[in-house]
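J.: Each chain, written out:
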Amino acid sequence: MNLRVKYGKTDQGKFISHLDLIRAWERAFRRAKTPISYSQGFNPHPKVSFGSALAVGLTSTGEYMDIVLKSNFPIQEIKGELAKYLPAGLIVYDIKEIDPKATPLMAVINRAKYLVRINLMQEVNQQELDNILLDLLKQEKIVVLRNTKKGLRERDIRSGIFELEAKVKDRNKVELEMVVETGSGGNVRPEEVVAALQEKGLSIESETINIHREGLYISSDAGLNTPLSVTA
Amino acid sequence: MRQLIENKILPKVEKPLRYLGDEWNVEKKDWDSVRLKTVFAFPDIYEIGMSHLGLRIIYHLVNDRKDFLMERTFAPWTDMEEELKKNNLPLFSIESYKPLNEFDVVAFTLQYEMSFSNILNMLDLGRVPVWSSERGNSDPLVIAGGPCAYNPEPLADFIDAFVIGEGEEVTLEVLDIIARHKEARNGQLERDQLLEELIGVPGVYVPKFYQADYLPDGKVKEIQTLHKNAPKTIAKRYMKNLDTAFFPTKPIVPYLEVVHDRAMLEVLRGCTRGCRFCQAGMLYRPVRERHPEVLKEQAEKLIRNTGYNEISLTSLSSSDYTCIEPVIKELLDKYNEEGIGISLPSLRVDSFSMGLANQMQRVRKSSLTFAPEAGTQRLRDVINKGVTEENLMQVSEAAFREGWHKIKLYFMLGLPTETNEDLDGIADLAYKVLVLGDKVRREQGVKGLQPQVTISVAGFVPKAHTPFQWVPQTRLAELQEKQQYLRSKIRNKRVTFNYHDAQLSFIEAIFAKGDRKLGKALFTAWQKGCKFDGWSQHFKYETWLEAIKEVGLDPEWYAYRELDYNDILPWEHINIGVKKQYLIQEHQKAMETAVTGDCRFKDCTVCGICQDFDVALDLKGGKLGELKS
Ligand code: SF4
Chain G
1 MNLRVKYGKT DQGKFISHLD LIRAWERAFR RAKTPISYSQ GFNPHPKVSF GSALAVGLTS
61 TGEYMDIVLK SNFPIQEIKG ELAKYLPAGL IVYDIKEIDP KATPLMAVIN RAKYLVRINL
121 MQEVNQQELD NILLDLLKQE KIVVLRNTKK GLRERDIRSG IFELEAKVKD RNKVELEMVV
181 ETGSGGNVRP EEVVAALQEK GLSIESETIN IHREGLYISS DAGLNTPLSV TA
Chain B
1 MRQLIENKIL PKVEKPLRYL GDEWNVEKKD WDSVRLKTVF AFPDIYEIGM SHLGLRIIYH
61 LVNDRKDFLM ERTFAPWTDM EEELKKNNLP LFSIESYKPL NEFDVVAFTL QYEMSFSNIL
121 NMLDLGRVPV WSSERGNSDP LVIAGGPCAY NPEPLADFID AFVIGEGEEV TLEVLDIIAR
181 HKEARNGQLE RDQLLEELIG VPGVYVPKFY QADYLPDGKV KEIQTLHKNA PKTIAKRYMK
241 NLDTAFFPTK PIVPYLEVVH DRAMLEVLRG CTRGCRFCQA GMLYRPVRER HPEVLKEQAE
301 KLIRNTGYNE ISLTSLSSSD YTCIEPVIKE LLDKYNEEGI GISLPSLRVD SFSMGLANQM
361 QRVRKSSLTF APEAGTQRLR DVINKGVTEE NLMQVSEAAF REGWHKIKLY FMLGLPTETN
421 EDLDGIADLA YKVLVLGDKV RREQGVKGLQ PQVTISVAGF VPKAHTPFQW VPQTRLAELQ
481 EKQQYLRSKI RNKRVTFNYH DAQLSFIEAI FAKGDRKLGK ALFTAWQKGC KFDGWSQHFK
541 YETWLEAIKE VGLDPEWYAY RELDYNDILP WEHINIGVKK QYLIQEHQKA METAVTGDCR
601 FKDCTVCGIC QDFDVALDLK GGKLGELKS
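If you're matching them up, the sequences are chains G and B in order.
Using the numbering used here, you'd call the opening residue of the first sequence number 1 and step up by one each time.
Using the numbering used here, you'd call the opening residue of the second sequence number 1 and step up by one each time.
No lab work stands behind these hints, which were simulated from the structure alone.
Be aware that a few hints might be false.
[What the hints assert, rightly or not] List of simulated lysine-lysine pairs, BS3-like, C-alpha gap at most 27 Å:
1. B/439 with B/520
2. G/33 with B/296
3. G/84 with B/493
4. B/250 with G/33
Quantities reported herein were computed from a predicted structural model and do not represent experimental measurements.
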């Protein structure tokens with residue numbers, strides 16, 4: 001039986017790196033007696049595959065992983081037990097059965113939605129803010145520098161930004177919402193969009209940026225689907 | 001404070017999880033409703049501290065008492081220290097983010113001499129006066145235990161009370177006294193009076209009530225007690241029975257990968273092989289084993305409560321456990337299905353069945369470690385390391401046959417009576433192992449990776465309470481020459497040579513056999529910026545020398561002084577149970593190249609502990625000799 005799990009990382013969990021996270025789940029499964037399948041061989045690994053890794057320092061309410069069970073098992077029970085044995089910082093939201101032949105999460109997820117809370121050094125009104133955004137999105141290219149294995153490389157992220165909105169919450173407090181490309185096709189990091197806005201003249205306090213991943217999605221002609229909506 | 005640190009500081013430091021006590025099985029208690037608030041202070045980083053079984057035992061022991069609270073703090077890495085200072089924040093406990101100075105008790109563990117500077121640094125960062133004499137009634141009581149507490153003198157000026165020996169019982173006795181003391185005084189701590197009360201607890205050493213006087217040459221003239229109730233000698237505390245001793249079966253499971261990231265099952269305590277350089281072997285006598293049934297029960301609870309995929313059978317020498325084979329077999333049978341492995345932290349050359357190793361170490365089949373410690377049989381007899389070349393060759397051959405290809409050999413340099421011949425012996429052993437590996441590989445049809453040998457060499461540091469406590473350390477220049485010599489003997493790409501910093505061993509030797517005068521040197525070194533001395537990138541050799549000289553002491557005198565059997569040792573008032581006369585006898589036998597047997601296999605060698613203390617050898621599988629006959 002194959003399951004897709006939607007989970008989240010709270011404030012307490014935001015510093016858990018992806019490798020630490022994999023271990024934490026493995027241990028939680030064992031404590032919760034989740035009847036997970038193990039790979040064969042000398043060093044058996046639980047059969048778990050993750051969607052896109054979340055950067056350290058970010059919270060999220062929409063992460064996904066697929067797990068393979070040894071046998072059929074009531075999903076509600078698994079969810080209930082897991083919830084009891086999860087360490088602080090991790091939450092399970094939902095579990096659904098998927099077709100064992102379903103395309104792996106890694107291959108289907110291609111969009112990520114982020115909420116970014118920023119503080120500006122000075123107050124701003126909605127009109128000014130909208131203008132800056134418009135100004136940025138008008139550009140044909142938004143070139144950022146990225147550290148790659150081959151050293152610093154220029155990358156254009158404009159085509160990977162699908163939605164970008166900003167709201168003034170309170171005087172100098174602004175909330176950005178963005179849908180960007182993620183996955184094997186390419187990745188746009190929310191920090192890069194923030195940096196691009198900074199270059200456009202938005203005076204952002206870089207020490208207090210708070211980034212939250214709202215969710216991971218699969219885009220299709222009909223719009224964005226969550227990885228759970230395509231389950232069996 | 002937590003908010004501020006989490007939002008502003010943690011994003012900037014390396015491995016923020018070091019400072020977030022939100023792990024599975026962490027103990028969080030209501031700060032205001034407990035009788036006593038204590039913090040376990042580990043003078044190194046989180047990843048090392050959380051690998052330490054002692055921390056886990058004491059942490060859960062204290063927290064199992066509903067009325068006591070124990071939190072944790074670790075030495076902040078340098079980036080974190082900088083941020084704390086920049087933001088004018090104190091060092092805090094990682095559970096409730098309270099500054100150290102808000103606790104009733106700060107409890108350090110002393111694992112290694114080169115962590116002493118971190119202790120001063122942590123006290124200071126935690127806003128606790130560094131000198132014991134400068135602490136007032138509103139400051140916490142600073143206590144310390146662990147192996148280095150058996151020679152407490154270099155830290156005597158900074159620690160209010162030491163706990164000598166195994167902590168399972170005495171820790172709670174001490175905390176009970178402190179709690180009652182506070183309650184009788186409306187929550188106030190009357191420092192001087194409390195320390196007087198603590199003298200009454202067996203195993204507790206309050207340095208303030210002792211004074212060492214020195215001879216003109218710097219040696220100890222006498223150690224006086226300054227209080228009528230202070231015992232002349234402080235006898236170590238020990239557990240008579242490991243089966244009934246507290247053991248944590250719901251330990252914290254770190255998020256961060258720590259050095260020993262697995263469930264730890266303590267199979268026995270003590271080791272009587274009698275290696276003459278080994279302090280642990282003298283301190284933790286006699287051998288007391290845990291019953292297989294108790295172990296199995298603890299293993300089951302550990303696995304269910306932690307979710308770890310590996311159980312490590314820990315102790316000074318787990319393959320000596322008389323029931324090791326049945327226990328490993330049963331654990332493997334029971335947990336293999338679930339993907340849970342069993343491991344031993346270290347392997348002994350002479351008491352290990354390779355078949356078992358093969359079943360067990362399924363994960364790490366790359367490198368196997370052995371510690372012959374010396375290169376010739378003569379020198380191995382001097383140090384009483386009961387390993388022969390034949391043992392090593394047998395086990396290496398078996399290892400190569402089972403598919404290992406890297407063998408790591410540990411040696412010490414600068415051992416008493418060592419000559420170049422012994423160093424040649426090290427190189428020879430390495431080559432013999434390599435040749436053997438090549439032979440096995442040819443026989444198996446030249447498949448797989450080429451055999452490799454690593455020689456890892458550390459400078460010998462004479463330690464207090466060992467038969468070599470009277471012996472000077474080999475001079476630094478000579479140690480370095482020996483190292484060069486050995487290096488020149490090794491000319492094969494498949495033999496790797498690692499050497500431990502000899503300068504570090506020199507400073508370590510000063511403190512390992514140090515006296516109370518060194519407190520000022522330690523303070524000065526810390527003020528000059530020494531910390532994390534065990535980390536090569538932070539070790540400041542010149543600064544240490546400067547500091548020791550600045551307070552009028554001679555570093556060479558400490559490391560190289562030859563002590564006489566009649567001399568009063570700085571740790572003379574600490575009684576580990578093994579008699580001084582026995583250590584003398586062992587030293588003499590070393591000089592005669594005579595070996596001493598292990599009391600588990602042969603007769604009792606009358607070291608003193610079972611004669612003078614209410615404890616006995618406790619082997620669950622019977623004496624090994626008896627079993628076989
Ligand atoms: S007194 Fe005898 S039996 Fe006890 S630890 Fe010493 S040598 Fe072994």
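J.: Give a verdict on every hint.
T.: Consistency of the hints with the structure:
Proposed proximity of residue 439 of chain B and residue 520 of chain B is contradicted: the alpha carbons are some 57 Å apart, above 27 Å. Distance restraint check for residue 33 of chain G and residue 296 of chain B: the Cα-Cα separation of roughly 19 Å lies within the 27 Å cut-off, and the hinted pair is therefore satisfied. Distance hint between residue 84 of chain G and residue 493 of chain B is unfulfilled; the C-alpha atoms sit about 53 Å from each other, more than 27 Å. Of the pairs offered as hints, the one joining residue 250 of chain B and residue 33 of chain G holds, with about 16 Å between alpha carbons and a cut-off of 27 Å not exceeded.
Hint compliance for this structure: hints 1, 3 are not met, and every other hint is.
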